[in-house]
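Take the sequences, apply the hints, and build the full model.
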Amino acid sequence: MSSGNGKRGEPRVTIGRRDFFKVYAAAGVAVLQGCRRRDQELIESPARRSTALPGASVWRRSICEQCGAGCEIEVRTVDRLAKKIEGLPSGFVNRGGVCALGHSALQELYHPDRVTEPMRRGSSGELEPVSWEEALETAATAIAAAPDATTIVAGAPSGPLLGLWRRFAATVGTPPPVHWQPADALVEREAARLAFGESTRPAYDLARSDYVVSVGAPLLDRWRSPVHFGAAWAELTADRRGKLVQVEARHSLTAANADGWLPVRPGSEGFFARGLAGLLLGSGTVGQEGRSAYEALYPEAPPDLAATVERCGIDADRIERLAAELASARRPLVMVGGSALEGENGVAAGAAALALNLLLGAVGRVGGVFAGVDFGFEERLAGDATAALPPAALADRLAGDGDSGVLVVSEADPLHGVPGLEAGFERAGTVIACSAFFDDTTLRADVVLPVQTDLERFQAVEPDPVRGVPALLIASPTVAPRGEARHPGDVALALAAAAGRALPWPGFQEAVESALSDAFTATRAAGDDASDPAALPASLIAGALNARQFVRRTTDAGGLLGTEELRRAPTRLPRDGGNDMPSVLPDPAARAAPVGPAGVESFTLIPFESLKLGDGRGANRPWLQELPDPLSTVMWGTWAEVATEDADRLGIQTGDIVRLTGTVAEIELPAMVLPTVRPGSVGVPVGGGHADYGRYARGRGVNVNALLDTDRRVAGAGAFARGDLRVRVERLRRPRRSERPVIYGRGLRQAEEIPVGWAPHVGGKA
Amino acid sequence: MTDRPQASARALDGELLGRLDRRRPGLLVGSLASGVLVLVFFYCWGYQIANGIGVTGINRPVFWGFYIINFVFWIGISHAGTLISAILRVTKAEWRRPVTRSAEAITLFALAIGGLFPLIHLGRVAIFYYMIPYPNSRMLWPNFRSPLVWDIAAITTYIIGSALYLFLPLIPDAAVMRDRAAAGLKKRFYAVLALGWRGTAQQWHSLEWGIRILAVAIIPVAVSVHTIVSWDFAMTQTPGWKSTIFGPYFVVGAIFSGIAVLMIAMALLRRGLALERFLTDRVFNNLGLLFVTMSLVWGYFTFAEHLTVWYSGDLFEKLVHHVLLHGDFAVPFWTMVVVNLVIPVAVLSFPRGRRPLPTALVGCGVLVGMWLERFLIVVPALSTPRLAYSIGDYMPSWVELGIMIGAVGVFACLYFTFTQLLPIVSVWEMREGWRHAVSGGESGQPSEAAPTSAAASPAAGGGAA
Amino acid sequence: MTAAAQDHLVEAAFESVEDVRSAVEAALDSGVAASQIEVRSPAPLEEGELPLAKPKSRVLLFALSGAVLGGLTAFGLAAGTALAYPLPTGGMSIVAGPPVGVVTYEGTALGLIIMTVLRVLWEGGLLPGRAIRSGRGRPSDFDRHVAEGRLVLRIHGLTESGAEELRELCRPRTVALG
Amino acid sequence: MTRWGMAIDLDRCTGCEACVVACAAENNIQTVGEEQAREGRAMHWLRIERYYEGEFPDVRTRFMPVLCQQCGAAPCEPVCPVYATYHNPEGLNAMVYGRCIGTRFCANNCPYTVRVFNWFDAEFPAPLDSQLNPDVSVRPGGVMEKCTFCVQRIQAGKDEAAQEDREVADGDVKTACQQSCPTKAIAFGDLDDPDSEVSRWAESPRAFSLLGDLDTRPGVVYLSGTEWREPAE
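Residue numbers (the working numbering), protein chains in the order written: chain A, 84 to 849; chain Z, 4 to 468; chain E, 9 to 186; chain B, 20 to 252.
In case anyone wonders, no lab produced these hints; they're calculated from the structure.
Mixed in with the good hints there might be a few duds.
Using 35 Å as the maximum straight-line C-alpha spacing, the simulated DSBU-like pairs for lysine-lysine come out as follows [said to hold, decoys possible]:
| hint | chain 1 | residue 1 | chain 2 | residue 2 |
| --- | --- | --- | --- | --- |
| 1 | B | Lys203 | B | Lys177 |
| 2 | E | Lys64 | Z | Lys95 |
| 3 | Z | Lys95 | E | Lys62 |
| 4 | Z | Lys190 | Z | Lys95 |
| 5 | E | Lys62 | Z | Lys321 |
| 6 | B | Lys193 | B | Lys177 |
| 7 | Z | Lys189 | E | Lys64 |
| 8 | B | Lys193 | A | Lys326 |
| 9 | E | Lys64 | Z | Lys190 |
| 10 | A | Lys326 | B | Lys203 |
| 11 | B | Lys193 | B | Lys203 |
| 12 | Z | Lys321 | Z | Lys245 |
| 13 | Z | Lys95 | Z | Lys189 |
Example chain B residues on the side facing chain Z (calculated, C-beta under 7 Å, incomplete) [said to hold, decoys possible]:
| hint | residue |
| --- | --- |
| 14 | Glu58 |
| 15 | Gly59 |
| 16 | Arg60 |
| 17 | Glu68 |
| 18 | Pro97 |
| 19 | Tyr102 |
| 20 | Arg123 |
| 21 | Phe124 |
| 22 | Ala126 |
| 23 | Asn128 |
| 24 | Thr132 |
| 25 | Leu230 |
Keep in mind the model is a prediction, meaning the values are calculated, not measured.
We put the CB at the ideal spot given by N, CA and C, even for glycine.
Written out as structure tokens, the structure is:
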């Protein structure tokens, strides 16, 4: 526990809140601004001792950083221990909701296998605890020795923290950090740039639409903000007002809830979008404006229905019905995401789907698509540092046979996400991991710097722009950090200082406050001139006398919240605007043949993020491991979803161990035979098979990412392509007892043999 | 004219006492071997108490497993004795005489073991006494609406009744043992058991009254016990259990399995203790007839039970029915039908089938079949709950198997020990029977209990001094 | 005759009831009162086999009273305790008829059985601390004969000469005499 | 008199299972681990049942959250020999853990199979136990448990209302599952209050009781625009 460098009784202005926190944490009284007692709505003054009685509940506002959605939460604490997470009813994104992953942040916080002290690989080759000073010095020395050969991998979502890492890289002299992010996020941005001229993930006004076609976007699974989209979906479909149609090869949770599901052949989503455009153009219901906007992007005629049917594997009447309903809808909307973007032609597919919105006139319309806008705090902290690199850049940095140099990995697990990078990591001189757990990457680290989890840290988050309204959310720590864990931003700053290239701020919080202060100044200076990119909307600074007051007011209020007025349409840049925008969008039909073994047992692999484990982050929480996947009902493991038809042919029964052989590796896992799987495809959730990551994740399930070929990229996006991979499926054996998948709805197989219909009764009213 | 039966009765008397006196090393070996199983039993139970009830294979939704199956099974076995002996006593069937004691002992021991299983089954056995009605600091009495509390009432009554029903006729025989034993520990043991029995007219008179009343009283108790056991199931809403036929069905099944054990025990005793002269073919013939009758009645109930379900349109009942007859439980189900109905009827319908060896073998089959019947009542219904999502399965753990096998050992050990210590054939009742034969001999017709071979057999057994 | 002179005891073991009967008849003829005669048998004797008064038993009476007692106790337990500590049952009856009936039924049977046995033991002098009238239940060396299946005739309260006389009467058919 | 009830709109439920984790977090439900879960011993008080309709590609998946229905005429209550489960005056099927001896009879008689059993003592390796809700006991091994309608929250709601000298208002008490539901598919409140949200939902023509013909009078009402009659898998 830090002894703190502030003294009690000193004038408040000279002490940061974080220092106060240290003081009071040391004094055994955790009192924070922004916390309130439910029973009296009292904002406790830090100058007084806590009035929180032992055993009384204190609710503190915080921000969920389990994904990039930026849900605002309130955390129930009793005796300075976090007990329960609830959605903040006024939450900017979530409106009181929390998802399963969000709830489980508590188990991340209190995980028994957390890394809580700095460690360094000793002479014996084992990691040994050392002091922060020693650990930082070792790390900084390695970085300072060869900044050019240093690769930074930052796992934080876009926002201030990523900006700080960019600034770090620029100051210390390393190449820009690799931003470790989901492939479909990257591809989605690129597709949006091509179609709408803005490289941000678009905002969809789902709730006010009346007909939504989602091309692969798993909006109710684990994508962007399941809480926001869940609520929006509920509003869309309330009283059967609107419809959601899912165009996706896999029967995802979204497909399961959609009013219609079109299981297109994996990888043909872009072609499907073009074919749909063809039907819409031919229907005569499309406005002239939309038609010309679309045809400007796609001068070539779209494929005809027969070609679409052939390529996508969907009956003609279903496509025609979809086109007809879409054409007759008042506020149609097309979304794209997920597996549609993960093939090598992902960018083209995404652009083709997004461009449908131009055709339907949905861009910037109520119930349509909006620009994903933010306040630019990533840039504000980054200063003039170069933009972050896409994940695939890491593979390029690690390519070759030589020394991979120094690797700094912060809050990311690239070796779990792309196991193919392992050889590159082995050749690295020094691996420095800022992590709360011994995940697959941290296991290889030479220096481990323990970082704080969500509830322990000062938070400044720019939420995913799902609402199309910019925001910066700020929250103070909820509980005292465990052990010696530090804020990853503070770690970056300390590393820079130790390397002799100190950044202008002592800590992450000060950095954010400084950026806020600068924004205030810039906004003041800009006056009514809205064109200054450094300026905030003037309304946000109204009432603040000076920068310091603005900063304090903003942090007290929990951040800067934009209003609906700030929502705007994406701007398609003029074709001749002198930028790198292509005049014509790439044709999604031009697509490399799927790679992998051929033959009858050749299946298209669909890796997906389950709502349990996400990209693997949730794997260390017992609550999530034991949560039955809603579709397969599997707990505690990884499974392969096989279609009933394929299973019958291959003699596979639920639970049988199957081997999936790809181009670079093979995995063995139990099969789940489901009637909802598209024949010829096999779905496998990512997130299993951790080498460590704590006792609940260690060796649990298998890592499907091992099948990814690091040479395959999504064209034009710098992302690894995990779609369109073909695998051979072989049945190996009946499972041993310990191999059997843990199925919650165990009897459903038996229920199939029941000769009578089976469903809960409709009874009388209560 | 009275001399010959008189003499042969004397001879038989001597022979019987001789048989009982003789120490059988087989019995000792049996006691020791079953003693090992007793250790297994207590080790497994101790292991379960130490580690938690989770060491079993029961789960959600199969919350009841081997322990409840064995509970019902052993309670069923317990109907061998008391009920059968009581019925035979009330109906004054002479051939009961060599049977009653061994049957009643079966009852008591089976009941003791059966009564243990609900305790083994408890999640928190340390506080089992919460079920017992007594004024307590919890200010709470048991919930008398629960069939489990009826169970406690019924089994308590039955076990006390059976123990007394075994004990009362044992007093005169304990006195026989006492008076024939040399002074010492053994004599004192029998003296305690005999309670000062002298065989006076008053004692005999009171005893006869007592036995008569107990025999009448124990029959409805026995019927109620297994009916109430059946109500543990039938009172629920669970498809497959909710059945009005369960009461009589269970009682019939209990008697059926009871006779099966009795047949096996008697065949073993007859062979092991060379009691051919007392447990005669005629006894086996009569019991065999009763046996096959029960088999038919059981078959009738089973048919009625499944016919009503099959005919009904109830979705959930039909599901249970389906998994039983055609699904995962079809093999045990049809096995049960074969060993409980087909084989007994095929074998026991013929006089030659009603001899000791075939009846004992059929009895073994019926024991398996009746165990399966309980298994098929408990598990399929639980594993197919109404909401299909929760359909489950069940596989017993080694602890459950250990306790199940161990319980057989406990039973065998108790039975061997009992046989070693006390007359397994009621001496005084045999004597009474021979006396009847002597007096009945006046009409020239030897009564049932009088061994038909007695007249022909030389008095080799030797008269007494 | 002094009291001491009258405590002589004749014991005789017989093989058959007929022998006992003739001995008893002879004894009665010789002036011994029926109350002085005790017959110990290995199995119950039937009524009229011996020219002695039939013993009396009140087992049935006690059994029935035990039944009533047991039934009332069980009823009290089942119904009374539920009423004494009523718990909310969500609208279901606190004291339900059939369950109380079941418990009462078992209690009735239990009371009956226990009282029956107690009474049997009482009447037979088998309860600790209770013996039947003067010497009737005392152990005897002749009990061994009963165990072997013979009958033992015991005649109490005789003078020395009376005893000798009776021994002579018994001697012809007896197995052992004392 | 209050009668606590819940209404679940199946048309809004996506099966995201946030409620399941919320329930575990609120009620100190132990996770049993892979081996035990494989044996069918997972202890969720609330589960999302999944049913299929139709065949590929016209297959539909439907979800139904199933929790203790808090029956008005609960089959579990009379069979408990020790009154470990009894009827609370406010309509809850209360579990008194201290009284439970683990006969598991209640679970067998539950037509909804919503009761779960502590096969072993719960394990919360430190410092995971820091998260445990102090208002809810950690159940020992050998004890039955199930959804309580977050009775500790009901109590807190009453305490708060009492402190402010008023009646408990509709919406004062939110169950953990209800609170975290992203689509707001769950309503909770007093069924005896005709103006409460849950009563209004229960009046919907879409309302039905699960296994209603058993007449257990559940305190949970489901709402669905489509009938749950089709063969599902």
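So, going through the hints one by one against the coordinates:
The suggested pairing of Lys203 of chain B with Lys177 of chain B holds, with an alpha-carbon distance near 23 Å, which does not exceed 35 Å. Between Lys64 of chain E and Lys95 of chain Z the CA atoms are separated by roughly 23 Å; this keeps the pair inside 35 Å, and the hint holds. Our distance criterion of 35 Å between C-alpha atoms is met by Lys95 of chain Z and Lys62 of chain E, whose separation comes to about 22 Å. With a C-alpha separation of about 33 Å, the suggested pair Lys190 of chain Z and Lys95 of chain Z falls inside the 35 Å cut-off, and the hint holds.
The hinted pair formed by Lys62 of chain E and Lys321 of chain Z fails the criterion: a straight-line CA distance of about 64 Å is larger than 35 Å. Note on Lys193 of chain B and Lys177 of chain B: the hinted pairing holds, with a Cα-Cα distance of about 12 Å set against a maximum of 35 Å. Distance check on the hinted pair: Lys189 of chain Z and Lys64 of chain E sit about 34 Å apart at the alpha-carbon level, within 35 Å; holds. For a cut-off of 35 Å, the pair hint linking Lys193 of chain B to Lys326 of chain A stands: about 30 Å separates their Cα positions.
A distance of roughly 31 Å separates the Cα atoms of Lys64 of chain E and Lys190 of chain Z; the hinted pair therefore holds under the 35 Å criterion. Proposed proximity of Lys326 of chain A and Lys203 of chain B is supported: the alpha carbons are some 19 Å apart, at most 35 Å. Note on Lys193 of chain B and Lys203 of chain B: the hinted pairing holds, with a Cα-Cα distance of about 12 Å set against a maximum of 35 Å. Between Lys321 of chain Z and Lys245 of chain Z the CA atoms are separated by roughly 13 Å; this keeps the pair inside 35 Å, and the hint holds.
Restraint check for Lys95 of chain Z and Lys189 of chain Z: satisfied, since their Cα atoms lie roughly 34 Å apart, inside the 35 Å limit. Hint status for Glu58 of chain B relative to chain Z: holds, with the closest Cβ pair at about 5 Å, below 7 Å. Evaluation of the Gly59 of chain B hint against chain Z yields a held restraint, the C-beta minimum of about 4 Å falling below 7 Å. Annotation: Arg60 of chain B was flagged as interfacial toward chain Z, and the flag holds, the nearest CB pair being 5 Å apart, inside 7 Å.
About 4 Å separates the beta-carbon of Glu68 of chain B from the nearest beta-carbon of chain Z, less than 7 Å, and the hint is met. For Pro97 of chain B, the shortest C-beta to C-beta distance to chain Z is roughly 4 Å, which falls under 7 Å, so the interface hint holds. Here the hint on Tyr102 of chain B is kept, as its CB sits about 5 Å from the closest CB of chain Z, short of 7 Å. With 7 Å as the threshold, the beta carbon of Arg123 of chain B comes within range of chain Z, its nearest partner Cβ sitting at about 4 Å, so the hint holds.
The interface hint given for Phe124 of chain B is met, as the beta carbon of that residue sits about 6 Å from the closest beta carbon of chain Z, less than 7 Å. At its closest, the beta carbon of Ala126 of chain B sits 5 Å from a beta carbon of chain Z; the interface hint therefore holds under the 7 Å criterion. For Asn128 of chain B, the interface hint holds, since its Cβ comes within 7 Å of a Cβ in chain Z; the closest pair sits about 4 Å apart. Annotation: interface hint on Thr132 of chain B holds; nearest CB of chain Z at approximately 4 Å, less than 7 Å.
With a least beta-carbon distance of about 6 Å to chain Z, the hint placing Leu230 of chain B at the interface is held under the 7 Å criterion.
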